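Number of protein chains: 2
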Amino acid sequence: MEGKVKLQEVLPADIEKRSFEIISREMGDVKLDPLEEPIVKRVIHTSADFDYLENLVFSPGAVETAMEAILQGVTIVTDTNMAWSGINKRALERFGGKACCFMADEDVREAAGKDGTTRAAASMKKAASLPGPLIFAIGNAPTALVTLYELIQEGRLCPALIIGVPVGFVNVVESKELILKTDVPYIVARGRKGGSNIAAAICNALLYQCGGRD
Amino acid sequence: MEGKVKLQEVLPADIEKRSFEIISREMGDVKLDPLEEPIVKRVIHTSADFDYLENLVFSPGAVETAMEAILQGVTIVTDTNMAWSGINKRALERFGGKACCFMADEDVREAAGKDGTTRAAASMKKAASLPGPLIFAIGNAPTALVTLYELIQEGRLCPALIIGVPVGFVNVVESKELILKTDVPYIVARGRKGGSNIAAAICNALLYQCGGRD
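Protein sequences appear in the order of chains G and U. Heads up: the first sequence begins at 1 in my numbering, then just goes up one per residue. Heads up: the second sequence begins at 1 in my numbering, then just goes up one per residue.
Among these hints, one or two may not hold up.
Since the list gives no way to pick out one identical chain from another, each pair is judged satisfied if it fits inside one copy or across any two copies.
As the list claims (entries may be wrong) - No more than 25 Å apart at the CA atoms, straight line, and that leaves these computed lysine to any residue pairs for SDA-like:
| id | residue 1 | residue 2 |
| --- | --- | --- |
| 1 | K114 | E36 |
| 2 | K89 | D105 |
| 3 | K89 | A104 |
| 4 | K89 | L180 |
| 5 | K125 | I15 |
| 6 | K114 | E154 |
| 7 | K6 | V184 |
| 8 | K17 | T117 |
| 9 | K6 | R192 |
| 10 | K89 | E37 |
| 11 | K126 | D183 |
These are computed hints drawn from the structure, not numbers from a lab. Treat the numbers as computed from the prediction; the structure is a model and nothing was measured.
With these hints in hand, go ahead and build the complete structure from the sequences.
Structure, rendered in structure tokens:
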């Protein structure tokens, strides 16, 4: 019935393994830091886009710091419900962690209106008062990254990790460059590319590296 | 405080407009079908990836058929909660439509176990019995597309549109090619690229084209 289209016979459980083998093969001789490599590969797995081999930059020790935070029971803050949806909450809860997104909250809408800013910016301010450790997973809003930058500069926020991977054409590149200037641990996709799916994939890669899926 | 990083001063409401202007400019002389163009541009807006100029293929009249379905009150079925999250439900509800994802349903888990198939495949079978019109927005699972293909061949499903944009390395290309062989309306991202974000972006582009965001 399927004519000339030939599907590979792969058990569902083996598809991810096979995918990572293909990614490794196509990466060729590229040598990555052993802690960073699974994250880069999962992002490529999620996007089928090898540009991330070049685009993804890690501050020194970012992965270790993030893994420690996860093992302590981290709160992951996202700037979209899509990123929130994509995070493996079962893996996160194994370590006593949780994920939250304040974008749709009424008080965030009100604060944004009052301050003449975006809901993304207001939701970051709200999140900054949560008890740590905190990981920020930003896949959409440059204004979220700009607000995080300002909070850090003002000494009001000390995140365990900033995942800075908004996608787009206006202030996206610039907002990421701001994060690269900070001293906080970061994983940033330089350039225009990124997205909520990329933000979630990086969170999941970190969780799996901690043993969240064993 | 921001050193050499210079942010553009753009009102939040204007960011999308400015982004689409940049996309149009960088597309250059490419001529697209006027009904398909806003969809291609929104996908590029969501991914910052101009490969979709080449990858996205539309069956003749697919956009019109999908828009008619939306105006009648469509049910959009997704294969991930991420895609479901990304769909603008307010726009959809304006036309009496709704979005659903059965992946986490207990009966789907059981059916997949019993049939030795994936939850994605089982969730498509469950969705096939919904009252129409139906749009399937598949951004993750090749097995969802294969199941839709089989249901169509067996005459058990007549969707208003299949959005076939799974991402990945195993059976992804092949499952999309299957959909290209059908007579049903489709929007497919040929090749490896796609994702839940792309599936949601295509749904939203269709909704906005119907006036869902005026």
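Outcome of the hint check:
1. For the identical chains of this complex, K114 and E36 are neighbours neither inside a copy (41 Å) nor across copies (39 Å), given an alpha-carbon limit of 25 Å.
2. When the C-alpha separation of K89 and D105 is checked against a cutoff of 25 Å, the pair qualifies both within a copy, at 20 Å, and between copies, at 16 Å.
3. Taking the shortest Cα distances, K89 and A104 sit within 25 Å of each other both inside one copy (19 Å) and across copies (13 Å).
4. In this assembly of identical chains, K89 and L180 lie within 25 Å of each other by CA distance neither inside one copy nor across copies; the values are 28 Å within and 35 Å between.
5. Only between protomers do K125 and I15 lie at most 25 Å apart by alpha-carbon distance; the minimum there is 21 Å, versus 40 Å within a single protomer.
6. In this assembly of identical chains, K114 and E154 lie within 25 Å of each other by CA distance solely inside one copy; the values are 21 Å within and 57 Å between copies.
7. Within a single copy, K6 and V184 get their C-alpha atoms only as close as 48 Å, which misses the 25 Å cut-off; across copies the closest is 20 Å, which meets it.
8. Taking the shortest Cα distances, K17 and T117 sit within 25 Å of each other only across copies (18 Å), while inside one copy they are farther apart (44 Å).
9. For a Cα distance limit of 25 Å, the shortest separation of K6 from R192 across copies, 15 Å, qualifies, whereas the shortest one inside one copy, 35 Å, does not.
10. Taking CA atoms no more than 25 Å apart as the test, K89 paired with E37 passes inside one copy only; the shortest distance there is 22 Å, against 37 Å between copies.
11. Proximity of K126 and D183 under a CA criterion of 25 Å is satisfied intra-copy only: 22 Å inside one chain copy versus 50 Å between copies.
Checked against the numbered hints given earlier, this structure breaks hints 1 and 4; the rest are met.
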